[in-house]
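Just so you know, the protein sequences line up as chains A and B, in that order. Just so you know, the first sequence maps onto residues 1 to 259 in our numbering. Just so you know, the second sequence maps onto residues 1 to 190 in our numbering.
Hint data in this document are derived by calculation from the structure and do not stem from the laboratory. Idealized CB from N, CA, C, for every residue including glycine. One should not assume that every hint holds.
Label pairs and their in silico Cβ distance ranges [said to hold, decoys possible]:
#: 1; chain 1: A; residue 1: G178; chain 2: B; residue 2: E9; range: 41 to 49 Å
#: 2; chain 1: B; residue 1: N111; chain 2: A; residue 2: M256; range: 29 to 37 Å
#: 3; chain 1: A; residue 1: E97; chain 2: B; residue 2: V112; range: 45 to 53 Å
#: 4; chain 1: B; residue 1: G52; chain 2: A; residue 2: N75; range: 53 to 61 Å
#: 5; chain 1: A; residue 1: R17; chain 2: B; residue 2: N77; range: 56 to 64 Å
#: 6; chain 1: A; residue 1: L121; chain 2: B; residue 2: S40; range: 41 to 49 Å
#: 7; chain 1: A; residue 1: Q199; chain 2: B; residue 2: E91; range: 22 to 30 Å
#: 8; chain 1: B; residue 1: V177; chain 2: A; residue 2: E84; range: 26 to 34 Å
#: 9; chain 1: B; residue 1: E144; chain 2: A; residue 2: R232; range: 19 to 27 Å
#: 10; chain 1: B; residue 1: K92; chain 2: A; residue 2: E84; range: 32 to 40 Å
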Amino acid sequence: MISLLHHWLLQLFSIFRRLGRGQLFLIHLLGGVGVILLRFRLVIQQLYAIGVHSLLIVIVAGLFVGMVLGLQGYNTLVDFGAEESLGVLVALSLVRELGPVVAALLYAGRAGSALTAEIGLMKATEQLSGMEMMAVDPVHRIITPRFLAGFLSLPLLTAIFTVLGVFGGYFVAVPLLGVDDGAFWSQMQARVDFYDDIQSGVIKSVVFGFVVTWIALFEGYDATPTSEGVSRSTTRTVVHASLAVLGLDFILTALMFGA
Amino acid sequence: MMKQNRALEVWVGLFVGLGIAALVVLAFYVGNLSSYNSNSGYLLEARFDEIGGLKPRAPVTISGVQVGRVTAIHLDNQEYRAVVRMEIDPEKMPLQRLNEQGEQLFDEQGNVQLCDKNGVPPACSTILFEDAAASILTAGMLGEQYVGLEPGGGALAFLYPGDEVRMTQSSIALEQVIGQFLFNQTDKDQ
Numbered sequence: 001m002i003s004l005l006h007h008w009l010l011q012l013f014s015i016f017r018r019l020g021r022g023q024l025f026l027i028h029l030l031g032g033v034g035v036i037l038l039r040f041r042l043v044i045q046q047l048y049a050i051g052v053h054s055l056l057i058v059i060v061a062g063l064f065v066g067m068v069l070g071l072q073g074y075n076t077l078v079d080f081g082a083e084e085s086l087g088v089l090v091a092l093s094l095v096r097e098l099g100p101v102v103a104a105l106l107y108a109g110r111a112g113s114a115l116t117a118e119i120g121l122m123k124a125t126e127q128l129s130g131m132e133m134m135a136v137d138p139v140h141r142i143i144t145p146r147f148l149a150g151f152l153s154l155p156l157l158t159a160i161f162t163v164l165g166v167f168g169g170y171f172v173a174v175p176l177l178g179v180d181d182g183a184f185w186s187q188m189q190a191r192v193d194f195y196d197d198i199q200s201g202v203i204k205s206v207v208f209g210f211v212v213t214w215i216a217l218f219e220g221y222d223a224t225p226t227s228e229g230v231s232r233s234t235t236r237t238v239v240h241a242s243l244a245v246l247g248l249d250f251i252l253t254a255l256m257f258g259a
Numbered sequence: 001m002m003k004q005n006r007a008l009e010v011w012v013g014l015f016v017g018l019g020i021a022a023l024v025v026l027a028f029y030v031g032n033l034s035s036y037n038s039n040s041g042y043l044l045e046a047r048f049d050e051i052g053g054l055k056p057r058a059p060v061t062i063s064g065v066q067v068g069r070v071t072a073i074h075l076d077n078q079e080y081r082a083v084v085r086m087e088i089d090p091e092k093m094p095l096q097r098l099n100e101q102g103e104q105l106f107d108e109q110g111n112v113q114l115c116d117k118n119g120v121p122p123a124c125s126t127i128l129f130e131d132a133a134a135s136i137l138t139a140g141m142l143g144e145q146y147v148g149l150e151p152g153g154g155a156l157a158f159l160y161p162g163d164e165v166r167m168t169q170s171s172i173a174l175e176q177v178i179g180q181f182l183f184n185q186t187d188k189d190q
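This is chain A alone, in the form it adopts within the complex (with noise of 0.2 Å):
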């Protein structure tokens, strides 16, 4: 019973200590933007990295989700005698939430996730303690480089996919089940508005690219340097970063929308 406790105790004891590590990291990896921000071009090669190869599941994703809303939406809409407002659900669904949600999950999973077991291998075959060795700070180096490029890449990424899932939603509404497509662009336009609804969703993508870029470092960064440790770490990054979105998008919300 005691050593139970005891374990317990232990555990929750790492966990906090894991926290004030992942605090840490940060204010170290922050620090290095003005010197990354001299060398630009490491940021470069990381938004190829990040940013540019995540663009094809991003299209994708956006085009199907937002013609699955248009599906969905019109079949619940056409019983009211309401279609002409698909434009206005497709559009306020996507930009509100759905854009910077499930953008965001896709990052976690696409770029997150490689960031990580990067990381995560270059401590193992301690590429990062030979910087250390040659004076090199290697957070400031290899980290920060990679945090910038992400904490950009997702509003881009999250902007792109809100963007397609409308056309999306567009392409099933008006060419295929015959909504008006004046009234599609019209409503959309008059319901959607520039402060309450866009502002929020890009503030929403810049936390999450944030959050989840810091994430995926940190888990790499801290992963035990063995290859079991780097693929735990690289299951840790995707689930506690997907967890983190979702929270967070709660959180958000509330502060944006409730009240």
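Following the hints, complete the assembly by docking chain B onto the known chain A.
Chain B only, in chain A's frame:
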């Protein structure tokens, strides 16, 4: 190596460009940023006994044509009436030029002479008459509420930017209509 670098830069440029283009499409085609032209309009005010569900940013229309938006609603704490402030877009409802007697001026074709959008009273007035009316209407059965302006015509003088539209028709609440109907019914029965 050099060639690879160039391809990488092109791809990153394409990605960032695509992302920014998507943000622009969101702002102007999906959203309504294009309808925000900041502080270019002139103000009108109206006091209502009951505004129902009218909200800031609701459209202001004349004969169904949108000419502006509601910018603010507050309570007049002396009269206990709702003060609705509206911003009218001078591109959609222009200001007209007046002479010293406050009469309209006409050009050779017989059209009313217009002011540019920075025109100020007393040389420029709105094209609404002083007995213009504002009412709170509902789009469809369950739609959103908006302000409908009627230009008036019985008066000779015109409303100036910043003036108050005096004739108002409050929003009609369904409960009141039903209540009145029942009240009349019972009156008739007795």
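A quick look at each hint next to the structure:
1. G178/A - E9/B: 41 to 49 Å: Distance hint for G178/A, E9/B holds at roughly 45 Å.
2. N111/B - M256/A: 29 to 37 Å: Violated, since N111/B and M256/A (Cβ atoms, about 48 Å apart) do not stay within the stated range.
3. E97/A - V112/B: 45 to 53 Å: For V112/B against E97/A, whose Cβ atoms are near 49 Å apart, the range 45 to 53 Å holds.
4. G52/B - N75/A: 53 to 61 Å: With a Cβ separation near 32 Å, G52/B and N75/A fall outside 53 to 61 Å, so the hint is violated.
5. R17/A - N77/B: 56 to 64 Å: holds, 57 Å
6. L121/A - S40/B: 41 to 49 Å: violated, 57 Å
7. Q199/A - E91/B: 22 to 30 Å: At roughly 25 Å between Cβ atoms, E91/B and Q199/A fall inside 22 to 30 Å, so the hint holds.
8. V177/B - E84/A: 26 to 34 Å: holds, 27 Å
9. E144/B - R232/A: 19 to 27 Å: violated, 53 Å
10. K92/B - E84/A: 32 to 40 Å: violated, 24 Å
Checked against the numbered hints above, the structure violates hints 2, 4, 6, 9, 10; every other hint is satisfied.
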